[in-house]
Structures are given as structure tokens and as C-alpha cells.
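Modelling step: build the complete structure from the supplied sequences, incorporating the hints.
Below, each chain spelled out in residue letters.
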Amino acid sequence: MENLIALLIAAPLLGAAVLLCGGRRLDAVGHWIGTVLAAVSFVFGAILFVDLLGKDAEHRTLTQHLFSWIPVEGFQADVAFRLDQLSMTFVLLITGVGSLIHLYSVGYMEHDERRRRFFGYLNLFLAAMLLLVLADNYLLLYVGWEGVGLASYLLIGFWQHKPSAATAAKKAFLVNRVGDMGLSIAIMIMFTTFGTFAFGPLLGTHEEPGLVGETSEGTLTAIGLMLLLAACGKSAQVPLQSWLGDAMEGPTPVSALIHAATMVTAGVYLIVRSGAIFNAAPDAQLLVTIVGAVTLLFGAIVGCAKDDIKKALAGSTMSQIGYMVLAAGLGPIGYVFAIMHLVTHGFFKAGLFLGAGSVMHGMNDEVDMRKYGGLRKYMPVTFITFGLGYLAIIGFPGLSGFFSKDKIIEAAFAKGGTEGWILGGCALLGAAITAYYMTRVMVLTFFGEKRWQPDEHGHEPHPHESPSSMTIPMILLAFGSVFAGGLFSVGDRFLHWLEPITGHDHGDAPISAATVTASTVAVMVIGVTAAYLQYGRRPVPVVAPRGSLLTRAARRDLLQDDFNHVVLVRGGEHLTRSLVYIDHTLVDGVVNGTAASVGGLSGRLRKLQNGFARSYAVSMFGGAALLVAATLLMRAV
Amino acid sequence: MSAQLAAYSTSTGEAFQFWVLGTVAVIGALGTVFMKKAVHSALCLAGTMIVLAVFYLANGAYFLGVVQIVVYTGAIMMLFLFVVMLVGVTAADSLKETIKGQRWLALLCGLGFGILLFAGIGNASLTEFNGLAQANANGNVEGLAALLFTKYVFAFEITGALLITAAVGAMVLTHRERTERARTQRELAEQRVREGKNVPPLPAPGVYARHNAVDIAGLLPDGTPSELTVSKTLRERGQIRDVSTEALNDLKALEQRAEERLERTAVEPANLKRAEEASK
Amino acid sequence: MSFPLLTATAVLPAIGAVATAAVPAARRTAAKWLALLFSLATLAFAVAILVRFDPDGDRYQLTESHSWIKEFGVRYDLGVDGIAVALIALTAVLIPFIILAGWHDADPLETGSKRWRPTQGFFALILAVEAMVILSFEATDVFLFYIFFEAMLIPMYFLIGGFGDRAHEHGEEVASTQRSYAAVKFLLYNLVGGLIMLAAVIGLYVVAGSFSLPEIAEARANGSLDMVTSTERWLFLGFFFAFAVKAPLWPLHTWLPNAMGEATAPVAVLITAVVDKVGTFAMLRFCLGLFPEASKWATPAVLVLALISIIYGALLAVGQRDIKRLVAYASISHFGFIIMGIFAMTSQGQSGATLYMVNHGISTAALMLVAGFLISRRGSRLIADYGGVQKVAPVLAGTFLIGGLATLSLPGLAPFVSEFLVLVGTYASYPVVGIIATFGIVLAALYTLVLYQRTMTGPVKPEVSAMPDLRVRELAVVAPLVVLLIFLGVYPKPVTDIVNPAVEQTMSDVQKKDPQPEVEAAK
Amino acid sequence: MNPVNYIYLAALLFTIGATGVLIRRNAIVVFMCVELMLNACNLSLVAFSRMHGNLDGQIIAFFTMVVAAAEVVVGLAIIVSLFRSRHSASVDDASLMKL
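From first to last, the protein sequence lines stand for chains A, B, C and D. Once you know that position 18 of the first sequence is 18 in our numbering, the rest is easy, because the numbers rise by one and skip nothing. To get our numbering, take the position in the second sequence, counting from 1, and add 637. To get our numbering, take the position in the third sequence, counting from 1, and add 917. To get our numbering, take the position in the fourth sequence, counting from 1, and add 1440.
Because the hints were derived from the structure by calculation, they are not lab data. Quick reminder that beta carbons are idealized off the backbone N, C-alpha and C, glycines included. Warning: the hint list may mix true and false statements.
One-sided excerpt, in silico: chain C residues whose CB lies under 8 Å from chain A [said to hold, decoys possible]:
(1) 1233
(2) 1268
(3) 1328
(4) 1363
(5) 1417
This is the structure:
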């Protein structure tokens, strides 16, 4: 049964290889190969899942050791996989949502002549993401970690002829690299401290603890901070969040799969997986929660201001992941709920993105929400699925988002002390804003009168429902976003499923769960009504009004990019230019200077050879005199 | 002075002679170096050499003394004078230094070298000296001959070979092989016509001349001297005596005397003009 | 007396060089095939060495020893350890690709230029370089090594100065003057290094009374030969200087960008992927082997220089406008990593460094050769002259991207393994250095992706619109390299198995132990 | 008087001659100065032979004269031919050793 794990990864990897090396002759069937292999991987995942369910809770960890990867003395890195409840959850999410989005892309990318390559990249991403969650040691995880980075680079920049896309791709990779730096430093510290970086011996299980316990808290804090840095990079948390917005340059399925459902949540996976380390390093944990809280507000605010539907959703993604990170930072109180929200979010956010994609598909790639309006009667399926996703994300009671988010807010309060109150407050505020901007999106897109007009080529967009290959995945995801939450939390199924890995404790909630739930619903209602009053009652200007200072700042991602541009980009340019100059003049100049001086000296010496016999004679005579002097001295001595 | 005397002692007489003639020798040497004209240098050198010859005699080297006078002062210095005559006085004679710093370096080296030599001789212990008494017992020349034809015979032969080689070498160097036929009068004339300069033969020296020395340029009808009339060598040496002015004065004087004798009035300007035209 | 495999491996390309040069000018193509044939035969011999070499055997294997100059005890001693074997294999693998890639580089210029381009000479010189490089990897006699270390410069000088890209943009004269400048600069730098080393070599003989590396090292180990500290340090500096010039270490690096910029892409690969490796290899074998104490004494300074090289090289790469110069500065940065790994004095660091030499050779070859194909199509080295190539020549762009990703050491490709080993090894003994060096990987991503973005993506420039994709010959060059990159990235064990024992030997030479993990130390 | 004075005199003459060689440009004069130096040497030789009481010194002096004669012959010949070719007897004009 263990051997299936490798096949899990092998299937999409094979797909990627075949599609990328296959050449044009595969253009006709390429997309189906990709989709089928993704589905196969999902089937394997399902089989393994059933198998795990068969075992009792304590023995649900499968490991597979393939071969020794980098053996150098003490440094032993193996290619080994570890499948436990945590990675199982991810496997199902990745392969499931992944397959659906493959299916969706078949329709969405129909008119792109490079569709084969697109599916190749998607498969590559699946393989890398699976490797990330299945790796049995941090170094192998790092491989997957950068692998998904590469895939996202390729997919964001898929339409490379657009300079904006190419730039966005580069930006995403670079910002991620900064995070990766953190991860690799963390691995170095682990190796020098513990002599290993494999999960098993390092983290241990909750009955017999790993090596982690045997070192100072300072070291662990250092490791924790480095891991947090990595998580920030990958999960677009402040201060490394700037790439996510631009990443929307990629095709919509990519945004749905990578930048909403799976890859961006890898950071959360990393933190939860390294729980043992964070539990022992409270300072690092605190910082995690702070980052989470800041990001969830940051993203929400940005989401309110964007008129580009995908950018708005991107902001919301950022903020939702903020919730997860916040939860993960709470330690055993929050781990489970972080993952739970991650899964439900995977469903409804993917659904929302696919809906957005379907809308753009019908509006010949118009992304400005102010040019939509009243689309509900033109594309009903999209409207319904999108709507369900919307209700899920704002936490409408009974839908999946409600359960997961509510639990997180509870956990935040349960952290206890002032921190608890602050974090909880932030989470609540975030919930309100979420409701506000999602309602805004919903209203602008599907309600009100139609606001679209002919584009520069003069042909009027005539919205239409997307083909079934696109609608089916949307419908399935809608189901997920409706029922997943209930399925998980009724009887705490999900809790019991994950507990053996993450551990759980209830913390000490200062206020009862019921109060939290009530307040959550209350703020949700407030947010919705506010948005409705602002956008539903009054006609919406096609051109965005100048807006308040905050709005303008939020449109520019709260000036984060400007900061980067001024400080990093400009500064970097000047630095490199001056260095190039220095290298040419100073370093090289010294050498050339020496050469020149030698030449000059010899030229001057050359003058002594004036060719006059008499001056030669003088030197001879002088030499004779010196000889005499020498002999005399000899005799004198 | 006699052989015995020279043999083992230095009489006050010799001392006196040394100081006097030594001074002469040094002066001669300095003259050789600092005289402007090569001829004078040669004469100074000759003087020095004679003094040296005397010193040889005083040191009991009678044969060398004689040879010094005969060969050096006689033959070699004559050779020098011949060459000086051939080459003549050149611009090289001027004592003005052309190479920068050469003179000062030279004097510095010379001074240093001299001082060093003197120092060397100073600490050399040259006090004891045994005269040439028994060496010259049966005649200085015999003594030399004995050595020369026994001990140094080989060197002697070699020297002979050297002399012959030198003689041959001198001939080879000075004898110039004519590579092309000498040009005939006709060819020279034709070339002059072709080049169009000096088409008539060069003017002879002494036109309107009062002197017949070769170093005086002949005068043209207008009384200016013509360089062409003087030999090339003199021209290169810049040894031309210009007498044009005095010649003109003589001419005036002549005319005046003629007037007085013939009681004529002054010549009309017209004639003068014509005369000038004719002279042009 | 068994078959002298090492000599044969080195002599074969030498013979090839002579034979190729002897081919009459009219039979140009024949000469090319001959050269390729010989390089492949050499590869076969190198494989034989790999097979015959026993990683767990004695330190130097397949040894050959003949007396040469009795008066000075100079001997013709050959022998290989794991490190040498790996590098010989690298050389033998790369040369055929270099020859194949430079197939048309030395053809006579059709565009009216009168400059004579001896095609045979080009390939003959390449083979000559191969012979000398292999010998310098094999020599265990310091003097013998020195000879080939220096002689290498002569053919390299002609390769750099004699053959350049077809200069369409700026006139042929300009190009050739820049070229000769680069060649002379290369020669001067390395000669100066070599001369200083020669002094050190002689000094070593005076001190140790022998040129034989194993003897001296052995004598050092058992204390029968102890040098005065100052003497040892001076000698070390003499050797190290030469190697630092060869494997350009800041601030002795400035010859590399000129040389790589002006030479044709294959020659540039020859320089950075093959010849420069002799420098780093020699640091590992001679500096550490002969002067362990001095090496330890110099470690902090060397590490600082290496660190500067890493960051500085990367930053300058970002600032370049010329594709080849960019790659050159990237190489400088990578050599910084190699040297850092060597002097980290941990087995991870040194194994990583050795592995890095191999991987960097392959990755740079991949990137640079593809860049060369690109340049040969457009006739310009300026990044600004390209754009949107990806659309017209996707395969070219793809291979270029893979080469670039290898350069930024993406996990899954070979360079990642070595780079991470170097970093870990360095961190284990010098944490601060390790952490600062980690910034290098961000900068690497920056210059690689900027290069890719400016040349390959964006709207298609009219000049490149007609650009053909990779031809079969070019694909035959790139594809195997890419396969190697991926294979060694996923399964580097074969190489590490060969390298590790040798590294252990070196570690024992310098009497260093890997730092124990804190936890174990605590127990 | 101590005959060592002869040696001093010889040294003095030699030095003067040498200096002359260096500062004169006329080849002939230069030659004369060379002769002067040779003569100085001869003087010292003669004086030495007197001191040591044997004739070898004089023999050497004799040889010196012969050699000097030969040298003068050849040297003057050279000067003459030089003057023929370039109409100057200045040693500075023969400065083709310049690079």
C-alpha cells in the first residue's frame, strides 16, 4: 500500500514530462492526458484514504523510503515519503480540486494554441505540490516548495507576450525566493543542531517526543522565525504579500488552483507540520499570530478597494489565509481549525475564482467589475455557484465557511489574555470586512442594471453561459463549499481525524462559543447591509470615483509596492550600476594602472640608451671607478 | 745622468728634474684635453711624450726612452698630424658640450677615479725599491733582448702578427673600391645643362681680386663675393676671408685717381646706370 | 607494469590535436569529425578510469611513476583520487559538446573579412587544452602539475584571441581589438599567478626536498617534516594566489568577464567550466594537502573573499547588459561558493564544493551554449537586442530557461545539491558566513530571471521574428546536458560515493573533524 | 725622493686622459687622449720595473707601445673612412646605437 504514495506523485509528473517533451503531435489530446493523469492521482489518493480509515487512529502514518538522495557523512537526505492524516487531507484537496480545475481548463483554454503546455505546467504543479505535502524531511519538502514556486512562475507568466505577465511571474518567484531563503536557513540550523532534518526523529509523535525538546528555546525560536519567513513568502503574508495581486495576471484556473486553493496554503501546512517546533517557541508563535492578524485585515482592506474582480478575490484570499495563519499560530488550539478552514476555503475560493473566470469568459476577458452588472440572468449557473461560494465565504450560517471561520474566531479568543482579546477582535473585524467586500463583488457583478459597453474593437460583449466542461467543476465545488463545513464539524469528525498529528486543546475561552457565533453572524450582517446600501441601492459609476485616501491607498495595495519599488528596485539598480562602475574603474583600474606605470618607467629608462658612445664610455668609466673602490674596500676589510 | 746613478738612488737632481718635467707633462696632458684645435692637442701630447721619454731614461729604461721618442713622438704623432690634415678642422672641435650632463659626469668620474687611484697607491706599501743594478748589469738593451727572445718570444711573435694585421686592416679600411665608372667631363657638363645651374663653368677665384690666396672668394661684377669660387673644404670649415668691401673701396679710389689724372668731371649718372646694367 | 590508463587518457587528445592540425585546410569538415572522434575516444578512456577506480581503495590509484629530472627529483607521477576522477570525467564529458557546439564557430567569415580563421586550429587547440587539463588533474608531482597548469595558457590564449563571434553589430576590427585585449589580459593575469606559484614551488622543494605530493603530505602528517610557520604561510600564499587567479576570486576576477565576453560561447565554456576548475581543484589538493596549518590560518580571510565574490559577482551580473558577461559574473559568484565550501573545512562543504565544480560545469555549459546559439542567430551579445524569443523559438527558450534555473540552483536540478551542501557545510562551521551567503540564492534568481524575461518574453522584436529554433546539432548538444542536470539533481549518489572518501582524506590532512550536532554533543 | 711619485704622476696623467676621452668630441683628439692613457700606464710599468729590479715591466711597456701603434693605425684608418662617408670626425655623429 505504501508504494502507492510514489505513484501518487509519479502520475502527474509523468504527465508533465510527456506533455512538455511530447511536442506538437500531442496538441490534440494533450489536455485530456493531463486531466486523466490528475484524476488517476486523485483515485490513488482516495484508495489510500480508504486504507487509512481502515486503520486505527494511532497507526495511520505510512512511510515509503525510495532511495538515499544526498549522503555526505553526517548529512543524510533521503527521498522518503510520509503519508499521515495531515498530508492525506492535503492530498485529497490537491488532487480533487486539481482534477476539477484541469477539467475546467479544458474548456477555458480551448482557444489557446499553447494549451498542451498549459496542462503540462498544471501537472508539474500537482506533482510538486504533492511532493511538498508528502515529503518525509524538510529538504525534500524544500524541493516541492521551490517546485510549486517554479510551476506558479511558469503559469503566472503563461501569457509571456504580455510584459505585465512576465513581470508578475518574475516578481512572484523572487519574493518566494526570499521566503525560501528562510526555509533553507531553517534547515541549516536544524542540521547543525540536531544532525537531522527528517520529520520522524525531529518532531516525533505526541506520545514519544522528538529531538526538538532537547535544545534551547532560542534555537527553536530562530528556526520558527525562519519557517515563518518561508511561510510568509509562499502564503503571501505581510510583509511578503505583494506578489499575490500581480499573480492574477495568470489564467484564471491558475489563480483558482494555485493562488487560492492549494499552493498559497503551503505556508499554513509548513507551520502546522512544524507544530512541535512552534509549540516549544512561544515567541515565534506570537509573531505568527500577529502576522496572521495583520494580513487578514490588510487583505480585507485591499479587497474592498479593487475593481478588478480577480484582484478583489486575491485580496480576500490573502485575508482568508491570514485567518489560517492566525489559527496556526495559536498552537494546538488552532491547528485543526487552520487546516479545516484551509480545506473549506479551498472549495469556496476555487469556486469563486472559477465563477469569476466563467464571467470573464462570457464578457470577453473584461475584468473590471464596474463594467459588469445584472449578469445573473445571462449566466444562471455561474450566478448560483458563485452565490453559494459567496455565502460560504462570508460565513452564512450552515455553510462550510461559517463553521471553519467561527471556530477560528473562537480559538483566537481562547488564546486567552489580552492577546486573545486583540486577536479575536481582529478576526471579528475581518469577518465584517469580508462580508462587506464580498457583497460588493456579488452586487457589482450580478445585480443592478447592465453597465458593459463595446470594447475598443467595437464589438459588444454578449454574455453567455460557459460550456459544461466549465460549469460542472463549478457545480461540484459549490457542493463542496456548501456541505464540507457541516460534514467536518458535525461530531468534530475533522478534529478527531487530525488530532493524532496536531494534537488539540481547548484553551480557556473567556466568552462562550455561542456568544462568539452570535457576534460573528452579527458583524456579517452588518457588513452585508453596509455593502448593499452602498452599491445595491445607488447606481454604480462605470469609472471609479477618486475615493478617500484609504481607498486610493488600498487600490495601490496600501502602498506596499511603491515602497518596494522605491527602496528595493531603485536602490538595487543604483547599487548594481555603481558596482559595475567600480569594477571597471577601481578593481580593473588598479591592475591597468600598474601596467601603465611599469611601461612609463621602462620608457624613462630607455632614454638612458641615447646611442652616444661617449655617454656609454662614461658609464664604463664610472663602473671602473666602482670596481677600484670595491677592490680597495675588500683590501680594507 | 749615468746608469749607476739611475740604478739605485734618487738624487736630488732627479727629484728636481721630476718636479719640473712632471709639471710640464701634466700641463701638456691638460693641453691635449683642453686645446680647441686638434693640431694644438697633438703638439701638447708630443710634448708630454717627450717628457715621459726622459722619465724612462731616468728610470733606467734607456731602450724604452729612445723608442718612445722615435716611435711615438716620431712616427705615431706624425700619423696623427697627417690625419688631422686630411680631416682638417671640423665643427667637432668646439669644446661646447652637446650631451646633457656629460661633462659633469665625466669630470665627476675622473675626479673620483683619480682620488681612488691615489688612495690605492697611498695604502700600497711601495717604500722598498731595489734598483736595476744587476738587471742592467750588462746593458739594458741586452737585458731586454734576452728576456724578449727567451721568455717572451711567443708574445713577441704574436705582436708581429698583430702589427701585420693592423697594417693590412688600415689599408683595407682606407682603400675605397670604385663601384661605378668615374663620370667624364662630357657627362658632367651634360648634367649641369640638364639641371640648369652653373651652366657656364664655375667662376675662378680672383675676379677683381687683389689677392690670389685660395681662401678669398672671387668677387662678382657688383663686388659681392661668390662662394662658388672657393674650395669645398674651406667652405665647410667656414674659413673664407671676405674682402668684398675693401675691394669696392679700392675701386672707388681707382676711379678718383683716374678723374684727377684726366681732369674729368664726375661721370654722368646715365653712364653709371649703363655700367650697372652691364654689370647685371 | 599494467596499461598506463592515465597517460593514455591524457595523451589521446594530444595526439588528436596534432592529427587535427595536420589535416589540410581544404578538408575542414574532416578535421571537425576527427576532433569529435578523438574527444569521444577520450571520453571512453575516462569512463574506463571511472570503472577501474575503487572509491574505497587507497587514496591515489592507477598511479604511474617514472623518474624524469633526477637532478631536482622531478618525477612523472600520475595518480587520481575521487575528486580528480570526478573532474576528469567532467572534462571528458564536456569537450565533445564544446566541439559540437563550436562546429561552425571557426568557419571562414563569409562577410568580406580578410581575417584568416584556421578551422583545424580551433579544434586542435581545444583538444590540446583538454590534454593539459586532464594531466594537471592527474599529476601528483607538484612540478609536473605546475608545468601543465601553465602550459594550458598557451592554447587558451590563442582560442580567446583568435576566434570570436561574428561581429555583425560593431566592425570586425573593433571586435578583434577587444578580443586581443581580453586574450592578453587573460594571459597576463594567469602568468603573474603562475610565476608567483613557481617561486613557491621552488621554495617548497628547498624546504621539503621533494616535489612529490604524497611524500610531502605523508611527511607532514607523521611530523617528519615540519615547516617554520612563516615559511609555510608564505608558500601557501604563493600557491593560493595562482589558484585564486585561475578560479577567479574577488578581486582577481576581472579577466574572466572580458575573456568570456569576447571568446565564442564554446571557448567561454571551456574557460569557466573546465580550465578554471583546475584552480579550485588545486586549492583542494595542493593548498590543503601541502599546507594544512597555513590553510587553517588563512581560512577567515579566504572565506571573506569568497563571500564578497558571491554577493559581488551576483550584483554585477544583475547590472550587465551583455549576455555573456552576465554569465561570467554569475560564474564568479559560483566560484565564490566553491571556494567557500573548500575552506569551510567540513566534509559537507568540501564534498559540496567538489560536486559544485562538476555541476557548475554542466549548468554553465548548458546556459552558455544555448546563449551562444542565440547570439549566433542574432549576431549581438546585448540583452536589449532580444525580446519575445520564446514565441518564435520555444525549444531554445525552454532549454535556456532550464539552464538558467540550474544556474539559480533550483531544487531537482544538479546545482541545488552542491550549493545546499556548501551552505550547510559552511553554516556548520561559520554560521554567519553561511547565512550571508544564502542571500546569494535570491540574487541568483534575480539575475537569471531578469535575463530570461528581457530576452525571451514580452512582445516579439522584429529582428528576432525570423529566428529559427534549435537545430538537430544544437539539440544534440543541449539535450544530454539537460538530462545530466536532472539526473544528478535527483540522484547524485554515484558522484558523492566517489567523492566522499577523497574528501575524508583531505579532512584528515588538515586534521579537521565535522562539528558534532549540539544535541549529540550534549549527550 | 721616493720613485712612487712616478706612479702618482702616471695615475694623474691616466685620469686626465680618461676625462679627455669622455669630454672631447673630435675622434682624433679622443685618440690622442687614449694614447695619453697608454703612456701613463707605460710610465707606471717602467717605474715598477725599477722598483722590483727586473726588466719584465719594461718588456710589458714595450709590448704596450707596439699594441698602441697597431691600434692607432687601425683607429686612424677608421676615422678617415668615417670622415669620408659622413664628412665629420665627431664621435657623436656616429650614434646609430640608438634604439
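Hint check results:
Checking residue 1233 of chain C against chain A: minimum C-beta separation of about 6 Å stays under 8 Å; hint holds. The interface hint given for residue 1268 of chain C holds, since its Cβ lies 5 Å from the closest Cβ of chain A, which is under the 8 Å cut-off. The criterion of a C-beta within 8 Å of any C-beta in chain A is met by residue 1328 of chain C, whose closest approach is roughly 4 Å, and the hint holds. Checking residue 1363 of chain C against chain A by beta carbon gives a least distance of about 6 Å; that is within 8 Å, so the hint holds.
A distance limit of 8 Å between C-beta atoms decides the matter here; for residue 1417 of chain C the minimum to chain A is near 6 Å, and the interface restraint holds.
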